[in-house]
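Student: So the chains spell out like this:
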Amino acid sequence: METRLISGLEARLRAARAQAAGAWQSYLVWWRERMTKRELFYRHTGMVRALHWINALCLLVMLMSGLQIFNAHPALYWGQISNFDHPFVSLFGEQDNAGHIVKGVTQIGHWQFNTTGLFGASYEDGQLTARGFPDWVTLPGPQWLAMGRLWHFFFAWILVINGLAFITYALVKQHAQKDLFPTRADIRHIGREILDHLRLRFPKGEAAKRYNALQKIAYFTVIFVLGPLIVLTGLTMSPTMDSVFPGLLWVFGGRQSARTIHFICAFSFLGFFIIHIVMVVLSGTWNNLRSMITGWYAIEPDEKETSHG
Amino acid sequence: MADANRGTRRGFLGAAAAGAGTLLLSGCRGLSETHWFPKVLDSAEGLTKRIQRLFAGSWSLAPEYSKADLSPVFKANGTLNPGTTAYNMAAADNFRDWRIPVSGLVKNPFVMSLNDLRAFPSRTQITRHDCVEGWSCIGEWTGAPLRLILDKADPLPKARYVVFYCADPMSDNGDYYYESLDLIEACHPQTILAYEMNGQPLAIPHGAPVRLRCERQLGYKHAKYVERIELVESFAHINGGKGGYWEDQGYTWWAGI
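From first to last, the protein sequence lines stand for chains A and B. Under this note's numbering, the first residue of the first sequence is numbered 1, with each subsequent residue one higher. Under this note's numbering, the first residue of the second sequence is numbered 1, with each subsequent residue one higher.
Be a bit skeptical, because a hint or two may be false.
[Stated by the list, open to error] One side only, chain A facing chain B, incomplete, derived with CB under 8 Å:
no.: 1; residue: Val48
no.: 2; residue: Asp96
no.: 3; residue: Gly99
no.: 4; residue: Gln143
no.: 5; residue: Ala146
no.: 6; residue: Ser238
no.: 7; residue: Ser243
no.: 8; residue: Arg259
Because the hints were derived from the structure by calculation, they are not lab data. Here a beta-carbon is modelled for each residue, glycine too, at the ideal position from N, C-alpha and C.
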């Protein structure tokens, strides 16, 4: 009985080993074939990669220190002045009779939402405290307007210098004209591309070397529309800059409107950032990351293009 | 097996992201509390000031508004009433005996009564007040251009800053509100010592009897309850040495942004 059991077990082990070796063998064959079939494509130049990561760091610091500054007066208005009784958006904490904060409220126009723990009132060292955004998204964490401003205005300079460097580089090297500006053909194919994106069907082969229409529109809007808009609305909040360029107030409809647009731009950046990260993950995290670190992007062969499909 | 691997990989990535996030946040908080890092961040203040001054010079005017634009309620911020015995007595007497000495690095130090201040040619301006917190109100201010007062005092060549000492105590330790402007901002045509707001004598929450208006700067520069003016070469020896009460608490001296 015992020997039969051992030999039975051994046989199974042997079979499993053979299977594993076979699997490993076939995996190696598949990997080698994939490596030889796929093409490494130099996608991002060193300059673009460096500017991309500096920009990413700056935007993160700007968003979080901006929320810190916003928390000093967590309400938005339209026009020149703050009409304190009728904010456009307001995040506030509600007190009970004893003066304890019991509820966080988000008010948008006439609507009020209970957002306790997230907006209006959130937990700071276990204590429900009135604050616009919670301390885990503001920089620095605790309420500290002076320090938030120091961070914001230091990184604002780096962001602007970095952004101008990118725009100059992209225009001079024709990167913007060739890769970023949407063409007529891009606009024509946009319907199909939206469908492809929704089906998570990403381009292969030659098509993967170019940005598709949706990418171009997204990058173009962020770099050439949202970027300048957030800088200009930021400058409109500066009383000294308003004395130099009063036209800014006219363009944005007042200092408080500019502050509101600045806020909307910041959240548009956040929206872009989230979609950008999701697309990076869905279309190949490591390949995308590698291409933004080393420059090299692997192109999967398009089965339709190659004869030996 | 692959699914299990994927699970742990995803778990690892999630944990790594959360860990990196926590590290980043606590790192930023830690950096903010060091002695040196805020100084690095503050190096941008000088750049901002120089570039803004390059554009604004000594002459660019803050936008002025019409009476229709006035804020229905102008928010009073900071000290709403100094509440000291001396101030209460002065207020009860309608500030009749309020005197503002102008001294320091000047050839002709003198003491102003409110009547002396009103005797200067006046300027009335409807301007927007921008608080560092983010809100704005529009008010009408009447007062004497600071430039005329400085002209009378005749600053010495060494004088670089005008310091405003105020009547409102900011703590129990004997520190009072104060602020400072450099001569460019002090001599700006819209920089006035205001004694009227919206056509009425300045109310106590807004700085009665006299407050500073310097319209190209944020609200904390607009010192209320002004009781003494001094011209100095440097403010390093005054209180916290940063040129103002809020500056001593970490706010930037340049309040143009």
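Student: Check each numbered hint from earlier against the structure, then list the numbers of those it violates in ascending order.
Tutor: 1, 2, 3 and 4
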